[in-house]
Amino acid sequence: MNTKLVYSGSPHIRSNSSTRRIMLDVVIALIPACVMGVIWFGLRAWLWLALTVISAVVFEFLFNIVINKKSFLQCVREFDLTSVVTGMLLGMNLSVCVEWYVCVLGSAFAIIVVKMLFGGTGRNLFNPAIAGRIFLLLSFTSMTKYMAVGDVFGELTIAAGATPLTELYTSGVANASLLDMFIGRIPGTIGETSAAALILGGIYLVIRKVIDFKLPLIYIGVTGLLTVAFYGFDFGMFLPSILGGGLMLGAIFMATDYVTTPNTKLGNIIYFVLLGALTAVLRWYKSSECVSYAIMIMNMTVPLFDRYIVNKPFGAHDKKKA
Amino acid sequence: MKANTFKRGVHVPDHKEITMEKPVVEMEQVSDYYFSCSQHMGAPASPVVGVGDDVKRGQLIAAASGGFSANVYSSVSGTVKEIVRRKNARGINNDYIYIVNDFEDRTAVLPSIEPTKENILNRVFEAGIVGLGGAAFPTAVKLKPKTPVDVLVINGAECEPYLNCDYRLMLEKADEVVKGVKLIATALGVSDIYVGIEVNKPLAIELLSKFNGIKVIPLKKKYPQGAEKQLIYACTGRVVKTATLPSDSGCVVQNVATAYAIYQAVNEGKPLYERIMTISGGAVNQPKNILVRSGTPIKAILDFCGGVKDNVTKLILGGPMMGQALENDDVICNKADGGLLALTEEEACRVEPSPCINCSRCAQHCPMHLMPMYIDFYTLAGKYDMAVKYGVNDCFECGVCSYVCPAKRTLVQSIKLCKGKLKEMSAKK
Chain A
12 MNTKLVYSGS PHIRSNSSTR RIMLDVVIAL IPACVMGVIW FGLRAWLWLA
62 LTVISAVVFE FLFNIVINKK SFLQCVREFD LTSVVTGMLL GMNLSVCVEW
112 YVCVLGSAFA IIVVKMLFGG TGRNLFNPAI AGRIFLLLSF TSMTKYMAVG
162 DVFGELTIAA GATPLTELYT SGVANASLLD MFIGRIPGTI GETSAAALIL
212 GGIYLVIRKV IDFKLPLIYI GVTGLLTVAF YGFDFGMFLP SILGGGLMLG
262 AIFMATDYVT TPNTKLGNII YFVLLGALTA VLRWYKSSEC VSYAIMIMNM
312 TVPLFDRYIV NKPFGAHDKK KA
Chain B
49 MKANTFKRGV HVPDHKEITM EKPVVEMEQV SDYYFSCSQH MGAPASPVVG
99 VGDDVKRGQL IAAASGGFSA NVYSSVSGTV KEIVRRKNAR GINNDYIYIV
149 NDFEDRTAVL PSIEPTKENI LNRVFEAGIV GLGGAAFPTA VKLKPKTPVD
199 VLVINGAECE PYLNCDYRLM LEKADEVVKG VKLIATALGV SDIYVGIEVN
249 KPLAIELLSK FNGIKVIPLK KKYPQGAEKQ LIYACTGRVV KTATLPSDSG
299 CVVQNVATAY AIYQAVNEGK PLYERIMTIS GGAVNQPKNI LVRSGTPIKA
349 ILDFCGGVKD NVTKLILGGP MMGQALENDD VICNKADGGL LALTEEEACR
399 VEPSPCINCS RCAQHCPMHL MPMYIDFYTL AGKYDMAVKY GVNDCFECGV
449 CSYVCPAKRT LVQSIKLCKG KLKEMSAKK
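Chains as they are written, first to last, in our numbering: chain A, 12 to 333; chain B, 49 to 477.
Keep in mind that the hints were calculated from the coordinates and are not lab data.
The hints are all genuine.
Partner residues aside, some chain A positions facing chain B, computed with beta carbon under 7 Å:
hint, residue
1, Ser19
2, Ser21
3, Pro22
4, His23
5, Ile24
6, Ser26
7, Ser29
8, Thr30
9, Thr132
10, Val270
11, Ala327
C-beta: ideal position from N, C-alpha, C; glycine also.
Build out the structure end to end from the sequences listed, making use of the hints.
This is how it looks when you write it as structure tokens:
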């Protein structure tokens, strides 16, 4: 036999899953919501999404080449689409009213500061897109100005920052019908408004076994029910509170990020219950959208979950009795 | 069909169709045989024949040194040429007795015995029988548990992909296997006998269900269904506590091939020197189930199966999940090896590991409910005591974590490294 054999440890076969495939699934799942964003907010939304994605990828490559001293080819080989997902999520979290450089700055902050400086893929403490959004929210007032929907190719008309959710919390009534909120014909960020498209993407992720369907349901359910409880058990609050703001996007795509969630099933369930509760409390206290703050705060607690909630080995349960 | 199983684990494409329908054929003899003195777990046996001695088939050539060891028998008749040191499959040097075959097959048999408890136990030890499920643990040791047992579980799960050696044995030698199982039960003094078989072998389930005195348990097709603790849980519902033996929970597990070997040793006086082996994989020209004499060079086995194709990337002794990759084909097959695979580039995934993305799939699928990502992390960081906290000592290296890992991390290697380092550390103390 002349062929050179590979000599390596077991197992010798591997499943066909890969990081790139998982991230591709997330990208595919995000596409419907992006399409809806473009339909409601016009081509400018498309441009902003493209800008955040491209700049996120460029910043990742630049960091790897300049700081990590990797060759361009190596970067291409190791390219795992995580920066594309970060770019897409960040773009979906922007209002179309922001200036172009806001998109680029947000990507730079998300990729360089939040992701790469902490060690790159899998080592970030916070979800880069969430941290990027919060950075922009604190820095640019245009982030909280939203465009009225409908004028796809028309001039940009800016409505002064009132998503149905803020309306709901300030005046008690959402300024849009449930159907509009479901399909996304409401003011908001590019990707958060269409609950239908986000749920569709979520179902795809569940079918592809990328996420556990229980976790977004827990998050959405806890937030909705607690909101109902805070407002004197007014069950009319339930649907507007989960459809009117960024909860769908946050619960299905941002909070379920593998890196910034606990590693055990039990830990995840507790984490998502607390996340839902924190979101409801912050929203009630601040009378405005707080999903991203809640996720960022809970991201900080993940190491604690992983430290104190550890799987017990099979057969370890009876140890104490013996 | 109602099927039992254990918690977690993973569905692996089994590729059993390649050799499932192929009846066992006896491999033709070759001229050179090498018998390792260390074909089992435990102390190596010491040679009892000298250079130039004439040996028969079934003659003792190396005697067990102590209780935790096993006798070695010649599988051919011929002359002892040399006692050499050469590398085994794991690359470790062992003593090998080199016998040149005279193709006469003069056969020696052990004297016939009454199948009483004492006699069976002695014969199992005398015949050099070891666990044929893969670990090659001396069976005589396992049949003398320190605590009383009330259940015998027979492993016919064969959860390793590609392998069909146990399946073909159950189909072709069902009578003998069941008699062997009853002999084990006599030796242990138990009457509760479960035979666990995965549902992808319906013919075997049907066939063995016809016998009285054994309960056939259909098991879900899931890897690692044939692992000792998982099998016990699936068949009896008992949970074997960590760091204890199955016998501490009243169970003993034996493989069907071991049961057959015990039948042959007790009823036919035939010591363990040959077994059924599956030769499979995409790079084998003629995949087969063959009866192989121990001590046969791997190269001869592959030649018997039409040789390997040019696109072979990996040779594996054993199954693809827990087997041993071979450096070259200059390796000898031992009496417990049940599979030989030649995999192509596509089958044997070779992807560089990338950073862990904390997807926790390894923890979700680990049949021992461990957290392999932390064991990997702390092992690579040199913090072996932290790896213990996440259960490295309970791992039996089934390979599920590495199999499911999307980042293709080499988790099992880390675990093996960690165990080695922990052993080193405890030896120093």
